[in-house]
Amino acid sequence: MATEHANSAEHGLTPSGYIEHHLSFNAHPVSEGAGFWTLHVDTFVMSVALGLIVMGLIWLVARKATAGVPSKGQAFVELIFNFVDDQVKNIFHGNRHSFIAPTALTVFLWVFAMNSMDFLPVDWVASIVAFFGGEHAKWRAVPTSDINTTFALALSVWILMIFFSVKVKGLGGFVHELFCAPFGSKIWVWPANFLFNLIEYVSKPLSHSLRLFGNMYAGEVIFLLLGLWAATGVSGTIFGAILGAGWSIFHILIVALQAFIFMMLTVVYLAMAHESH
Amino acid sequence: MNINFTLIAQAIAFAVLIWFTVKFVWPPLLSAIETRQKEIADGLAAASEGRNALEVAAKKSEITLNEAKQKASEIIGQAEKRGSQIVEDAKGVAKAEGDRIIAGAKAEIEQEINRAKEGLRSQVSSLAVAGAEKILRKEINASAHSEMLAKLAAEL
Chain A
573 MATEHANSAE HGLTPSGYIE HHLSFNAHPV SEGAGFWTLH VDTFVMSVAL GLIVMGLIWL
633 VARKATAGVP SKGQAFVELI FNFVDDQVKN IFHGNRHSFI APTALTVFLW VFAMNSMDFL
693 PVDWVASIVA FFGGEHAKWR AVPTSDINTT FALALSVWIL MIFFSVKVKG LGGFVHELFC
753 APFGSKIWVW PANFLFNLIE YVSKPLSHSL RLFGNMYAGE VIFLLLGLWA ATGVSGTIFG
813 AILGAGWSIF HILIVALQAF IFMMLTVVYL AMAHESH
Chain B
17 MNINFTLIAQ AIAFAVLIWF TVKFVWPPLL SAIETRQKEI ADGLAAASEG RNALEVAAKK
77 SEITLNEAKQ KASEIIGQAE KRGSQIVEDA KGVAKAEGDR IIAGAKAEIE QEINRAKEGL
137 RSQVSSLAVA GAEKILRKEI NASAHSEMLA KLAAEL
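So the protein sequences, as listed, match chains A and B.
Under our numbering, residues 573 to 849 are what the first sequence spells out, in order.
Under our numbering, residues 17 to 172 are what the second sequence spells out, in order.
Bear in mind the hints are in silico, worked out from the structure with no lab data behind them.
Keep in mind that the hints are not guaranteed to be accurate.
[What the hints assert, rightly or not] Partial chain B-side listing against chain A, Cβ under 10 Å, derived:
1) 26
2) 29
3) 51
4) 75
Every residue gets a Cβ at the ideal spot worked out from N, C-alpha and C, and that includes glycine.
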């Protein structure tokens, strides 16, 4: 599996070269000077394509949704719909249908699809990309193992959180809550309250994004290490394949679980923003 | 771990996906599911209503049936009574008629007897007179004794 890289003069057969190649993004500067103005084309293309495929498939079913006896496709979509709707209903008590429940559905399905790219054998992806883009072309197939993706999602949720907090309680109510919760409204606990809230507001997007990123990144690294084993010979290839299959099966759980956790945290954060203290 | 423009691009993609779901995916699914739930609820309500109506109708039909049975037996009883009464009446009428006929016959017989007696009486008197005339022809004057004989006949 890793033999095509073995011939590469630049990377040689070194394990670090193999892993480095697989963990490099297909980065393109979008303006002069690069630095921040760099786009990971692989992450962006994969995530947008997956988002379009998944939500497009759901939309194709939803467009023809009937209140009568549902088709098998519609029954499956309704299963997902009801699963997400039930979760949101238990956490958020308000008009969930206008925004929060559809957002939860989007987050769940999109993150699930992006996580699922972990099931694609890493070297197959590399081979396909090498076929089109040359031996040194880089392509990371799992958008959620890019910190930019998870941060983008978590920060979007964070902004929504503040938006709903201000919308529900008003700007005054939001600021009041910053200084007067959770310890009370006495003036000498204001600094403590503010510090507490500041830490909360910083930690929420960090834990939200890093949890997903860490799980997906670690999963990818383990796949790479197992793929690396194939370079040691036939027995290594066999053991690597067996363990790779085992890790893939276990990863089904992680992929679904992390998507679910990401959705639940999104709903919880947005629901908390609606509550007054 | 390099944060870069990808983050902004992904956030925009996320926003577009959310907008798409809010606008085009969620509402048709929600309306389909809610309409179906309402239809099922209505159907169940109608079914239980129908069951109740059936129960009421069964009870009502049983009551009507019982009433009809009772009425029928009443009518049969009345008819039997009326029938026996008619028979009784007819018997009475027949007996009275019979009695009347018998009485009439008896009266007629009496009358006949009387008439016969009368006839006999007159014949006996004339016979007695004729006999007496024959016996007394020679010694008695018919006209002299006819008054006495008439008296005798009246006494008879």
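Status of each hint after checking the structure:
{"no.": "1", "hint": "26", "result": "holds (3 Å)"}
{"no.": "2", "hint": "29", "result": "holds (5 Å)"}
{"no.": "3", "hint": "51", "result": "holds (4 Å)"}
{"no.": "4", "hint": "75", "result": "violated (36 Å)"}
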